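Trainee: Listed here are the chains, written in short residue letters.
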Amino acid sequence: MRHRSWVSVLAVLVAATACSSGEATQNGKTELTIATFNEFGYEDLLKEYEAAHPDVKLTQRKTGQGAPHHQNLFTKLGAGSGLADIEAVEEGYLSQVMDKASQFNDLKEIGPNVDNRWLKWKTDAATTKDGKLIGYGTDIGPLAMCYRKDLFEKAGLPSDPEAVKSLFATWDSYFAAGDQFIAKSGGVAWFDSASQVFNAMHNQHELGYFDKSDKLVVESNPAIKADWTAVTNAVAKGQSAKLVAWSNEWNSGFKAGAFATKTCPSWMLGVIEAQAGPENKGKWAVTEAFPNGGGNWGGSYLTVPKQGKNAKKAAELAAWLTAPEQQIKAFKAKGTFPSQVQALKDSALLEQTNAYFGDIKAGALFAAQAQKVAQAQYKGPKDGQIQENVFSPALQSVEQGKSADEGWKTAVAEAQKVAK
Amino acid sequence: MTAVLTRSDRERVVQTRSRPPRHRLSAVDAKVSPYLFVAPFFVLFGAVGLFPLLYTAYVSLFDWELGADETPFVGLDNYRELFGDGQFWNALFNTFSIFLLSSVPQVITAVVLAALLAANLRGRTAWRMGVLLPYVASLVALTIIFGNLFGPQFGLVNSVLTTVGIPPVDWQANTFGSHVAIASMVNWRWTGYNALIVLAAMLAIPREVHEAAVVDGAGPLRRFFSITLPMLKPTLIFVIVTSTIGGLQIFTEPKLYDPSAGSGGGAEHQYQTVVLYLYQSAFQQLNLGYAAAIAWLLFLVVIAVAGLNFWLTRRAVR
Chain A
2 MRHRSWVSVL AVLVAATACS SGEATQNGKT ELTIATFNEF GYEDLLKEYE
52 AAHPDVKLTQ RKTGQGAPHH QNLFTKLGAG SGLADIEAVE EGYLSQVMDK
102 ASQFNDLKEI GPNVDNRWLK WKTDAATTKD GKLIGYGTDI GPLAMCYRKD
152 LFEKAGLPSD PEAVKSLFAT WDSYFAAGDQ FIAKSGGVAW FDSASQVFNA
202 MHNQHELGYF DKSDKLVVES NPAIKADWTA VTNAVAKGQS AKLVAWSNEW
252 NSGFKAGAFA TKTCPSWMLG VIEAQAGPEN KGKWAVTEAF PNGGGNWGGS
302 YLTVPKQGKN AKKAAELAAW LTAPEQQIKA FKAKGTFPSQ VQALKDSALL
352 EQTNAYFGDI KAGALFAAQA QKVAQAQYKG PKDGQIQENV FSPALQSVEQ
402 GKSADEGWKT AVAEAQKVAK
Chain B
240 MTAVLTRSDR ERVVQTRSRP PRHRLSAVDA KVSPYLFVAP FFVLFGAVGL
290 FPLLYTAYVS LFDWELGADE TPFVGLDNYR ELFGDGQFWN ALFNTFSIFL
340 LSSVPQVITA VVLAALLAAN LRGRTAWRMG VLLPYVASLV ALTIIFGNLF
390 GPQFGLVNSV LTTVGIPPVD WQANTFGSHV AIASMVNWRW TGYNALIVLA
440 AMLAIPREVH EAAVVDGAGP LRRFFSITLP MLKPTLIFVI VTSTIGGLQI
490 FTEPKLYDPS AGSGGGAEHQ YQTVVLYLYQ SAFQQLNLGY AAAIAWLLFL
540 VVIAVAGLNF WLTRRAVR
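Protein chains in written order, with my numbering: chain A, 2 to 421; chain B, 240 to 557.
If you are wondering where the hints come from, they were derived from the structure by calculation, not from laboratory data. What you are looking at is a predicted structure, and each value in this text was computed from that prediction instead of being measured. Each hint should be verified, as a subset may be incorrect.
As a list, the in silico EDC-like pairs of lysine to aspartate or glutamate whose alpha-carbon atoms are at most 20 angstroms apart [claimed, not checked]:
id, chain 1, residue 1, chain 2, residue 2
1, A, 101, B, 308
2, A, 30, A, 215
3, A, 421, B, 320
4, A, 421, B, 309
5, A, 403, B, 409
6, A, 133, A, 215
7, A, 216, B, 304
8, A, 226, B, 320
9, A, 310, A, 51
10, A, 421, B, 268
11, A, 58, A, 44
12, A, 130, B, 308
13, A, 421, B, 324
14, A, 133, B, 507
15, A, 101, B, 507
16, A, 63, B, 320
17, A, 410, B, 302
18, A, 418, B, 409
19, A, 410, B, 309
20, A, 77, B, 309
21, A, 310, A, 289
Stretch by stretch, here's where chain B covers chain A in the computed footprint (C-beta under 8 angstroms, at least three residues) [as the list claims (entries may be wrong)]:
id, region
22, 73 to 84
23, 98 to 110
24, 152 to 163
25, 253 to 260
By construction, the Cβ of each residue, glycine as well, lies at the ideal position given by its N, Cα and C atoms.
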């Protein structure tokens, strides 16, 4: 009896594991999973796809935040199993994914023909050196400038969205306006933190921390040192509010009006509205300008890892989801700003206004900003880490009182350590 | 031999010798079953204790990047690099600094609290349970609240300091300041818990000793220092050992205290502890080999400190 019960326990265990690992077909249907984070606005779209494809059953795995989603992605890539058929990848983590491109399907090879669907720089960023397409673009975060109208007026600067464009023409004019502003602002800073400005400047260059053979060029790329000097000079003059992005102090800074400008991707409007709150309604404005052209911060891709068994069908679904018609629906559902050329001409997007920012036509504004992005910067394998864990803390240390030279030396040394 | 065995034992002996197939099974049963009964512990320990320990040692000998196509064997290179890594020594210093700033005031306050709780109070149980409340609260919630209180620009602590005329402290940038902030979270959470353990030991001290001292004319202070404290020694050492182990592995507090939500422990690693550095190496830089080497070195440090405490305990109790 006892032996038999052991056996039955084992049998149950085996049956249980067998159940959880059998994914492919249940009554003839192909099961596909798609893993996303935050809000992609895909809930209704997935139902629509299922209705049109009775042979497919879809499951969405949603993670609240980006960081755990990507940690899970890299851990399971390492483990060799456990990933969804379609995995979303955020732009900040894309360089790490491109480094492991061999573990993802080339969508040009297995997917339908989707040439010229996206803005060129969006597709370029997800294309490997040998021409493989690793991810279909979903959304983007084109950069504009947000600013406090009331604080500009108080400091004697122009405050009308048209009139401020000249202040935001180049980084030089931006920092010069900052000098003018803080001279009369009575302690209010010009921008929130050095790294928020530095990252935007940095990502405008054609080459960043790495050259195209993945060699670290932090020291030899003069653009990086020039940006560093410009930003740390502004910090020394008191232009930075020294508030680390996403911290509680940063949130309080929006409420208290601790800074007057903010580098502003399309999705930042919602963040400002939430943090500054209804009491500051009408004070914030956004203008169709960004120093030295345009830029992008954020946005994602859909990838198809090789460990999935239904790669072709997964690619088909991902291609459908990232088509202009669907992304416009996602934009209506959750406000994700589309990266598709056709979607950027859609009237639903162009007519969209934002009440918190004085009823401005935000959709058209950011659609225009998206066209100003010059190119996708080449990203080396550790690019994201160098931005997040090397340059941001180094700039923060300068804001905390370290000299700009010392901070630069630390940044170079740490970057070399990370890139090794 | 037969004289000691009962009848059934004898039968079993005979059965094992004569071995008809059915009885052989029960012989196996008699020999194997005890091992089966103790197996759960050993299997669990092997699976979640011993195996990870040894596998970590194995991983630490490789240049093992998570998800990389190949993981070359590098021998002791990770350890060699670690010994020359300033960030590791900085993390070790931070760990000990935060440990001292938390454990020393914590144990002293715990003893004083215990002495107060041992007195005849109205609503004694309520008081005693009350000091345990911070321990019940969620560590994450606690850390986020303390992170807010110690905010450099909009934090309550600095507002209070400014009101009473003391210049505000940058609780993020300043190494000592950040250690104080983190130590205060540890103290808030663990002082009451330790006070209860000390209280239990205090109540176990025989009344006769105190009474004899009173007869000899000793005041309350004299009795506290000459009777209570010496008799608390073993308990105090237990409290110190447990807080040592906890203190050397501190992670959640410095992790969540970082406003950028990274694992750097401040812009210049002002409050990055060893475990935080381990986490950063493993899950931010995805360098599992190096992280495994850190884990092993931390393991050895904990053993060394625990060994020191063991030696102290033996000396103190004798």
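Trainee: So, for every hint listed, does it hold in this structure?
Mentor: Comparing the hints with the structure gives:
| no. | hint | verdict |
| --- | --- | --- |
| 1 | A/101 - B/308 | holds, 8 angstroms |
| 2 | A/30 - A/215 | violated, 44 angstroms |
| 3 | A/421 - B/320 | holds, 12 angstroms |
| 4 | A/421 - B/309 | holds, 16 angstroms |
| 5 | A/403 - B/409 | holds, 13 angstroms |
| 6 | A/133 - A/215 | holds, 17 angstroms |
| 7 | A/216 - B/304 | holds, 19 angstroms |
| 8 | A/226 - B/320 | violated, 29 angstroms |
| 9 | A/310 - A/51 | holds, 19 angstroms |
| 10 | A/421 - B/268 | violated, 58 angstroms |
| 11 | A/58 - A/44 | holds, 13 angstroms |
| 12 | A/130 - B/308 | holds, 18 angstroms |
| 13 | A/421 - B/324 | holds, 14 angstroms |
| 14 | A/133 - B/507 | violated, 39 angstroms |
| 15 | A/101 - B/507 | violated, 30 angstroms |
| 16 | A/63 - B/320 | violated, 39 angstroms |
| 17 | A/410 - B/302 | violated, 27 angstroms |
| 18 | A/418 - B/409 | violated, 28 angstroms |
| 19 | A/410 - B/309 | violated, 32 angstroms |
| 20 | A/77 - B/309 | holds, 16 angstroms |
| 21 | A/310 - A/289 | violated, 45 angstroms |
| 22 | 73 to 84 | holds (count 4) |
| 23 | 98 to 110 | holds (count 3) |
| 24 | 152 to 163 | violated (count 0) |
| 25 | 253 to 260 | holds (count 4) |
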